[in-house]
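In order, the protein sequences belong to chains S, F and H.
Numbering-wise, the working numbering comes out as the position in the first sequence, counting from 1, plus 1147.
Numbering-wise, the working numbering comes out as the position in the second sequence, counting from 1, plus 237.
Numbering-wise, the working numbering comes out as the position in the third sequence, counting from 1, plus 203.
Please keep in mind that the hints were generated in silico from the structure rather than gathered at the bench.
Backbone N, C-alpha and C fix where the C-beta goes; we use that ideal spot for every residue, glycine too.
Below, a list of computed lysine to aspartate or glutamate pairs in the EDC-like style, where the Cα atoms sit at most 20 Å apart:
| no. | chain 1 | residue 1 | chain 2 | residue 2 |
| --- | --- | --- | --- | --- |
| 1 | H | Lys-636 | F | Glu-474 |
| 2 | F | Lys-422 | S | Glu-1271 |
| 3 | F | Lys-422 | H | Asp-836 |
Listed next, the stretches of chain S that the computed footprint assigns to chain F, with coverage defined by at least 3 CB atoms under 8 Å from CB atoms of chain F:
| no. | region |
| --- | --- |
| 4 | 1192 to 1204 |
| 5 | 1212 to 1219 |
Sample of chain H residues lacking proximity to chain F, with all beta carbon distances greater than 12 Å (derived):
| no. | residue |
| --- | --- |
| 6 | Glu-325 |
| 7 | Gly-422 |
| 8 | Asp-754 |
| 9 | Asn-785 |
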Amino acid sequence: MKRKISFTLNGSEISIETDPARRAVDVLRQDLQLTGTKEGCGEGECGACSILVDETVKLSCLMTAAQLEGKKIVTIEGIARGQGLHPIQQSFIEYGAVQCGFCTPGMVIAAVAFLAANPAPTREEIRDAISGNTCRCTGYQKIVDAVEDAAEKMRGGNSDG
Amino acid sequence: MGRVYLPATLEAVFEILSREPSARLFAGGTDLLVRSSAVRSDEGPLVCLERVEGLSGVSESDGAVRIGASTTHGALMASGFIKERFPLLREAVRHIGAPAVRNMGTIGGNICTASPAGDSLPPLYILDAEVELRSAKEERRMPLSGFISGPGVTALEPGEVLTAVWIDKDHGFNFHHFEKVGQRKAMAISVASMAFAARLDGDGVVIKARSALGSVAPTVFTSQALDAFFAGKPLNEETLGKAAALVREGVSPISDVRASQEYRRTVAGNLLMRLEGARSVGR
Amino acid sequence: MKKETVLDGPRLDAFSKVTGSERYSVDYYPENFLWAGAKRAMVPHARLLALHTEAAGALPGVFRVLTFRDVAGSNRLGIVRNHQPVLVDEVVRYAGDPVALVLAESKEILAAALDLITVDQELLPCIFDAEEALKDGAPKVHEDNDEGNLLRTVSVCKGDPDTAFGACDAVAGGVFETSRQEHAYLETEAGWAHVDDRGVLTIVASTQHPYRDRREITGALGISLEKLRVIAPYLGGAFGGKDGITVQCLLGLAALCSGGRPVKMWWDRRESFLAGVKRLPARMYYRLGAKGDGTFHALSCRLYFDAGAYAGLAGEVMAMAAEHAGSAYRIPNVNIEGYCVYTNNPVGGPFRGFGVPQVTAGMEQIVDMVAEKLSMDPLELRRVNALRQGDRNCLDVELTHSTGVVECIGKLMEHPLWKDRQAWKTSAPKWKKRGCGIGCMGHAIGYPALVPDEANARLELKKDGTFRLYSGVSDMGQGNASTYVRIAAAILDQDAAAIELLQPDTDHDLPSGSSSASRTTYTFGNAVIEAAGALKETILRCAARSSGLEDIDAVELLPGRVRFKESGRSIPLSDIAGLIDNDDRSQKGYFRAPHDQSTLAIMYLGAHVLFSYGAHLARIEVDILTGKIDVVDYVAVTDAGKVLNRCVYDQQVQGSIAQGIGYALMEDYLVSEGRQETGDLATYIVPTSVDLPDMVSIAVEPEEKTGPFGMKGLGEVVISGCLPAISNAFHDACGVRITRSPLTQERVLSALAGRGEGR
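I would like the entire structure built from these sequences, with the hints used as guidance.
Rendered as structure tokens:
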């Protein structure tokens, strides 16, 4: 039984018709062709499916489509600012935080939400913020470097302190 | 295919439950939606509690604190009130999962899942938390310790919803400690955990103490004998060594893929040793 | 050549990945596609009697259910032993063996259909231990294997080890066991396929070797090579787990039977655990003898590797292990026996390190035990015995290439974390013990002598004056694609942005071997250098001739143009492109890695001649109440020749250490009676960001003259240092040795209590 579900997606109002029990991650990837949000485990363990729901990081593999109703959803495709990149994305590139890249969208989403609430974090706090995002390639260090750099730039600091 | 209800009021929830006896309730989905990997039409519909009015939030009345059942672990951590009043609870919740999991999982879910490894539970036992249960017909309260009777087994009746957790404001503790042992430092199910709260005098001698251990018994392990043993003693190696022996005798852990019974029993006692030299630090 | 600036710079694939726009194999949802999924046996050993697929086939939304009867070809996969069924026809040999293939309209219907398939089978006796499997009377995994359950054995003998032990002043021995490790890449096995109206089957898959896949699939499915095309987009991680057939053949079969509709397969995490290959667990018996001055004199070891149900590349893993059993040392008397054995366990396969992490863990702990017997500093003992260029290694191969292990050890010796370790140890807080441990390693680059280690590159000047580079080697996240572009850019003096790279596609006909074996930059990079050099000369010659000049030194390549040195005039590359014959606008490059065919006499496949090396230091804290080990500091000193791009270099070092620490402390794929117990990421524990320290990476850079810009492979050498360094650190901290990994909290507490190994 399909249901009409309306929500804001990356800044635009949309409505879809779908089985409300489908997972949000499948709706995003398959129905809306937003394949930037990944799936790594389907059980909330790896964070690859992370999206922003009303500015809060949530796991779209553990959300039903029904729960999208009326929410402000932001996926990785909505993180870049107009033509340019979000400072976090820019720092990820510069600091080598991207290897295979499959965990990267989830990491960026986690970092965006984290820095919004914690603009001047310690490295330990950054590690904590991404502790729900599994990366198998990097060992996390360059991701922490990148978030640290982005935090400084977003505070208005100069690069490479 | 599957059906999902997103009710806005408790009345709507009761109405659904009366029509759909096989309905499955969830708030954050970090337990149910993991177990139910493919929602199929032969299973009962899902009822999501995340938008039900009045079911989340922290409020005070008459010397007691009411935590709405749909309050997420993340919201609990962000609450300055909880941080000030119940730092032990906050410390335990901090060890649950990771940020996104805490943004979704709720205190009500942690209670109703009733896993022996539920990290919010040991502090709630120490705080003598009560659960508020409502159905279309009535509202009742009972101690959390009586609500959970085994792994995954609660006293929730058909048609009932866990709506809140009640905790008395004042417990008189001036020391608390929490430790979780997991196979890694985040996103880990507890293999053994210990929550401890006490009122200590100026010399560090215990006036009263409450302890609760997770993952070492079918439900949270508490022992009046253990708590009584602490009274009047300092938390030194001798006291703690004896307490550790009491713990090892009292717990009834199982072996599973995460840890053996022997390891759980050994560590449960060992965790007591971490309390050595405790001094009052506020609450 | 402006190498320093042009090979540096951020990864060129980072932009598309950080914006979520890069499309992996999982990201294709073709129009009108069908989901394809396999029914797995779920029992470790059984004779198939009947398959009941009618109920599944009748389910609305199920397009078809396929069994072995629908496979037109040999129904067999495997390049060493061609004996692994596409769909089981006779015998199930491990729980992940596929018995049926369903095509359905949705994931939900697919799951429901798979549940409806039942199997009549006769359960057969099982064997789960490699050593036990070699004994008389053990159940046979492959009835037609003349050697019982033995898949492969290698034996290396140098000097006279039996006598030599008698002449040693210190002898240490031990048995070491390592675990089954799961790759746990974030992108599980996936792809899609379709047959077009010319009858060509195209498979897009997350694979490390599209060319070899194609060769395997033709026989298995009974289709000709010309009708088969395999494409490899960027992989979301692989580490060896996608170096072979995973989804590709099942996708091909599905596409041949889908009535022209595209098919998609995506293993969920549970299936990835169940059916994907694992690092082979090993049991290793070691004995090392040394003279009083520390000189190693005799090594004897017996290695048992558990291949699981099928050969795959398991025998080759064991052979590689045997080759590295003596780590990075000079030992005159050596006896190495290796056995790779079939069991009804999950299939063992390639995983970063390919057998070397296992033996390095054994050897490096034995080295520490010898150091203890001689009361020698463990670093000094290693330095005394470390291989130098010109030495002969344990297989008696002369090391004519760069050999920097002594320099690596030297860096550790002067490192403050080593020098101040005593003070650090004695200031351990209550309930913690601190230890500092060393691990040294070598790792061979590329394929062994018997297997041609070749690469074919193609570089094209497009008509618009920009370039196109055709890669033959998959990029599984290590950044080789980016490095290929930067190499081409360096030689052609172009901006990297002017060079487009196409990922491997068998239609390009550039067979270049696998994305594995630490070879991807070394081998293909050299091919790119040749192709770029040839294209550069073509362009310059054309430009020179266009002005009536013969001497190409009269012109130079600059970004977007060719400039005449004397007059200063420039011609845009788009104009030059118009002057060159179409055939000449595209130049190929070929490279075959150095090899020594005489080493075929030493052992199966022959030996390697080129190695990278490392020396690691781990400082750990052990919590004696819980058994938890924290890696507080980690230093990796690496010899991989010259550093081309420091960022990419450290990416490999850090990522390897992370997997190595996981392997050392928490990763154990548990199987009980052939059934998986840790089949998801909640029970198979990989390190999170809060489980790892900041890591120090130091590069020693001897020039490897045969490598692009002086480099050697780096992908695997680092991972082997972690388990030994941490094991040795544990002994340093607690005075007791744990010889079975991972060093879980439970094993630690058992060891501290003197109870032996525990779980």
